[in-house]
Amino acid sequence: GQNIDQPTEMTATEGAIVQINCTYQTSGFNGLFWYQQHAGEAPTFLSYNVLDGLEEKGRFSSFLSRSKGYSYLLLKELQMKDSASYLCAVRDSGGYNKLIFGAGTRLAVHP
Amino acid sequence: KAGVTQTPRYLIKTRGQQVTLSCSPISGHRSVSWYQQTPGQGLQFLFEYFSETQRNKGNFPGRFSGRQFSNSRSEMNVSTLELGDSALYLCASSSGGGQGAKNIQYFGAGTRLSVL
Chain A
1 GQNIDQPTEM TATEGAIVQI NCTYQTSGFN GLFWYQQHAG EAPTFLSYNV
51 LDGLEEKGRF SSFLSRSKGY SYLLLKELQM KDSASYLCAV RDSGGYNKLI
101 FGAGTRLAVH P
Chain B
1 KAGVTQTPRY LIKTRGQQVT LSCSPISGHR SVSWYQQTPG QGLQFLFEYF
51 SETQRNKGNF PGRFSGRQFS NSRSEMNVST LELGDSALYL CASSSGGGQG
101 AKNIQYFGAG TRLSVL
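Protein chains in written order, with our numbering: chain A, 1 to 111; chain B, 1 to 116.
Calculated directly from the structure, the hints in this document are not laboratory data. A quick note: this is a predicted structure, and the numbers were derived from the prediction, not measured. A couple of the hints might just be wrong.
[Stated by the list, open to error] Under 8 Å between C-beta atoms, here's a sample of chain B residues computed to sit facing chain A:
1) 2
2) 42
3) 48
4) 90
5) 105
6) 106
Ideal Cβ placement from N, Cα and C applies to all residues, glycine included.
All chains, please: the whole structure from these sequences, using the hints.
Structure, rendered in C-alpha cells:
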C-alpha cells in the first residue's frame with residue numbers, strides 16, 4: 001500500500017529552527033516534494049529530492065534517505081509567516097505526475 | 001507569467017446535480033493534474049492529462065471524469081453529486097516531461113465545492 005506519515009501539528013518560536021519529518025512506504029518512488037499551504041490558499045512548491053542527501057534553498061532545506069524511506073524539511077530563522085501546513089508528497093514511479101500526499105503538518109510559529 | 005487559473009472559485013450544488021470545473025495551466029505547460037482535498041483525507045490524486053490524453057488515474061469512481069483541450073486547458077466533471085463530494089478541488093500544471101524530469105507541479109487556488 002501507499003503510506004506517508006508526518007506529524008499532525010508542531011509549534012515553534014520565531015527565530016528558531018524546526019524540522020518536519022516525513023516517512024513513506026510506497027510501491028514506487030520517483031522523487032519527493034515538499035509544499036507549503038497557507039489556510040485557504042494553494043499549495044506552493046518548496047523543494048524536490050530524488051537522490052539521497054540535502055538540498056538547500058535559502059532558509060529551507062530538505063533531506064532524503066531512500067533506503068530509510070525518510071525525508072525532513074528544515075526551516076531556519078522562523079518567521080511568523082511560516083505558520084502554515086507543510087505537505088510531504090511522493091511521486092509514484094509509474095505515474096508520471098501522480099503525487100501521493102501525506103496528511104500535512106500544521107506548523108504554528110509563536111513570537 | 002500567469003499562474004494556474006481555476007474557475008469558479010466557489011460552487012454550491014445539490015445532491016444529484018452535476019458540476020464542471022475549469023483549469024487553465026501555466027503557459028507552455030502540457031500536463032494538468034487534478035486533486036481533491038478534504039480535511040479527513042488530505043490531498044488525493046484524481047487524474048492527470050497530457051496532450052489531451054488521460055495519462056494516469058486515481059482511485060475515484062467513474063462519476064469523476066475529465067478532459068483536456070488542445071490548448072492544454074482542462075475541465076473536470078462530477079456527475080450525480082453526493083454530499084461527500086464537498087471538497088476543495090485543486091488543479092496543478094507542469095511541463096509534463098518524461099519520467100526522469102523534475103516536473104514540478106504548480107497548483108491553482110482551487111474550486112471549493114459544497115454539496116447540499
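query: For which of the previously enumerated hints does the structure constitute a violation, in increasing order of number?
result: Hint 1 is the one this structure does not satisfy, whereas the remaining hints hold.
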